[in-house]
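Enquirer: Turn these sequences into a full structure, and let the hints steer you where they fit.
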Amino acid sequence: MTRLVRGGDGRQWTVRARMEWTNPATADDFEHDVLGGSAPGVVMAGICGLLLVALIWWTPSVVVVPAWLVLALFIVVMFFPVRWALRRPWTVVAETPGDLDEHPPERWVGQVRGVWRVRQEAARIARNIEVYAIPDRDGVGPLQPVE
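Going by our numbering, the letters in the sequence shown line up with residues 599 to 745, in that order.
Everything labelled a hint here was simulated from the structure, so no lab data went into it.
Each hint should be verified, as a subset may be incorrect.
Pair by pair, the computed Cβ-Cβ distance ranges are [to be verified]:
1. L602 <-> V662: 54 to 60 Å
2. Q610 <-> S636: 20 to 26 Å
3. G737 <-> T689: 17 to 23 Å
4. G737 <-> G712: 54 to 60 Å
5. P743 <-> P679: 32 to 38 Å
6. R722 <-> D607: 17 to 23 Å
7. E618 <-> V662: 43 to 49 Å
Just so you know, even glycine gets a beta-carbon here, dropped at the ideal spot from N, CA and C.
Expert: Dropping the structure here:
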């Protein structure tokens, strides 16, 4: 998701948001960095799949499973993967190359969690740039200036 915004001072800003597939490392994480990777999730999904196959295999042929039950089970199974995908962290970047006169290049970077929140934050950043010529005027947003 990329937006081009003209600032209040005439500079052209680029506001970008990119989904991160891994959680960003912070200073506190380095002391306890024992990430197990995706292996435990894959093993648990495999075990659940085997149990589902065993349940279907041992079900007598006279048992009629209603369609609403299959749909309900599908919704329950898909709840957590969909929630995980919608709550991924996003990196938001607002940058400008500056101009030749008095404004140096600037780059602001921050983290936002969730698809809807990143859209709201990008709109707020774009509005701040248009009105105040700076991405985070009040200092309440996730963006921080980067050298």
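Enquirer: Hint by hint, note whether the structure agrees.
Expert: These are the hints, each one checked on the structure:
For the hinted restraint 54 to 60 Å between L602 and V662, the CB-CB distance of approximately 58 Å keeps it satisfied. For Q610 and S636, the Cβ-Cβ distance of about 40 Å falls outside the hinted range of 20 to 26 Å, so the restraint is violated. Between G737 and T689 the beta carbon distance is about 19 Å. The supplied range of 17 to 23 Å therefore holds. Distance hint for G737 and G712: a CB-CB separation of about 21 Å, inconsistent with the stated range 54 to 60 Å.
Our hint of 32 to 38 Å for P743 and P679 holds, since their Cβ atoms are close to 36 Å apart. Between R722 and D607 the C-beta distance comes to about 19 Å, which sits within the given range of 17 to 23 Å. At roughly 46 Å, the beta carbons of E618 and V662 sit within the given window of 43 to 49 Å.
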